[in-house]
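Participant: Sequence:
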Amino acid sequence: MNANSALTKVPAVTLGFWIIKIAATTLGETGGDTVTMSMDFGYLAGTAIFLSLLVVLVVWQTMAKKFHPFLYWATIIASTTAGTTMADFADRSLGIGYTGGSTILLICVLASLAIWYRAEGTVSVATVSTPRVEAFYWITITFSQTLGTALGDWMADSSGFGYIGSALIFSAALAIVVALYFRTNISRVLLFWAAFILTRPLGATVGDFLDKPLGHGGLALSRPIASLVLAVFIIVCILVIPQRAGTHPSAASAEAS
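First residue of the sequence shown? That's 562 in our numbering, and the numbers climb one at a time after it.
Don't take every hint at face value.
Ranges of calculated distance between the beta carbons of each label pair, as one might list FRET restraints [what the hints assert, rightly or not]:
1) S732 - R693: 30 to 40 Å
2) P785 - I580: 19 to 29 Å
3) G603 - G658: 14 to 24 Å
4) L775 - L568: 45 to 55 Å
5) V797 - S719: 12 to 22 Å
6) S719 - A606: 19 to 29 Å
7) G656 - K627: 21 to 31 Å
8) L780 - R693: 36 to 46 Å
9) A609 - I786: 30 to 40 Å
10) S654 - R744: 38 to 48 Å
If you're looking for bench data, these hints aren't it; they were derived computationally from the structure. By construction, the Cβ of each residue, glycine as well, lies at the ideal position given by its N, Cα and C atoms.
Make a model of the complete structure from these sequences and hints.
Facilitator: Encoded structure:
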């Protein structure tokens, strides 16, 4: 790290980051469904529970002086479970539908990124080191997690591709983003957010495939057990995969990225 760099409050974006992120988004789907469906709390109560937990963890994350792996990933998981229940509540309880919900949430994601860029001049995660930028970061992430749930449900249910077909489509889209990263000079910031958003519907479709009934194209696995297995896998990954904070470059470096 050079003299013009400082540590951020988020992890370095490595292969390990993406492995844990995909597992976390899958856990968000199975965990959210466990509370709202298996435990029969309903979408509104589930949203209240997970959104409250998310607010507490975001405040804790913002108050922390440095990057803490378990705190960061707990906040990510809270955002993805809250995203699951919020999207399901909007799509099903409010009757907006998957297409309407996906459209509204896409607008919210783009608006949050636009406001963030206007305020800071960049939306790079390498600059997440102040409370204001952290607020933009977590608002954008929560919108993207909610969008991912709605988009995954739309692809699996409304488009007719099913859970496996949808998971393959989102995997192919992620592969394209990876190819663009290694073979082009397209903005790394743009590619990061494209990949970040795409991992959510991938996790949503995989999670639904695991726990939805056989008659609906799923494996009908126990939601609580699937959630527990995913949680253990994430904990092991955090312990085994090196976790380090990303770096906050100088202003010139941030603009160059």
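Participant: Confirm or reject each hint.
Facilitator: Hints and how they fare:
1. S732 - R693: 30 to 40 Å: holds (35 Å)
2. P785 - I580: 19 to 29 Å: Given about 23 Å between the Cβ atoms, the range holds.
3. G603 - G658: 14 to 24 Å: Given range 14 to 24 Å: holds, Cβ gap about 19 Å.
4. L775 - L568: 45 to 55 Å: holds (48 Å)
5. V797 - S719: 12 to 22 Å: With Cβ atoms ~36 Å apart, the hint is violated.
6. S719 - A606: 19 to 29 Å: The hint (19 to 29 Å, Cβ to Cβ) holds, given that S719 and A606 are roughly 26 Å apart.
7. G656 - K627: 21 to 31 Å: The hinted range 21 to 31 Å is violated for G656 and K627, with Cβ atoms some 44 Å apart.
8. L780 - R693: 36 to 46 Å: Since L780 and R693 have Cβ atoms about 44 Å apart, the given range 36 to 46 Å holds.
9. A609 - I786: 30 to 40 Å: With Cβ atoms ~25 Å apart, the hint is violated.
10. S654 - R744: 38 to 48 Å: holds (44 Å)
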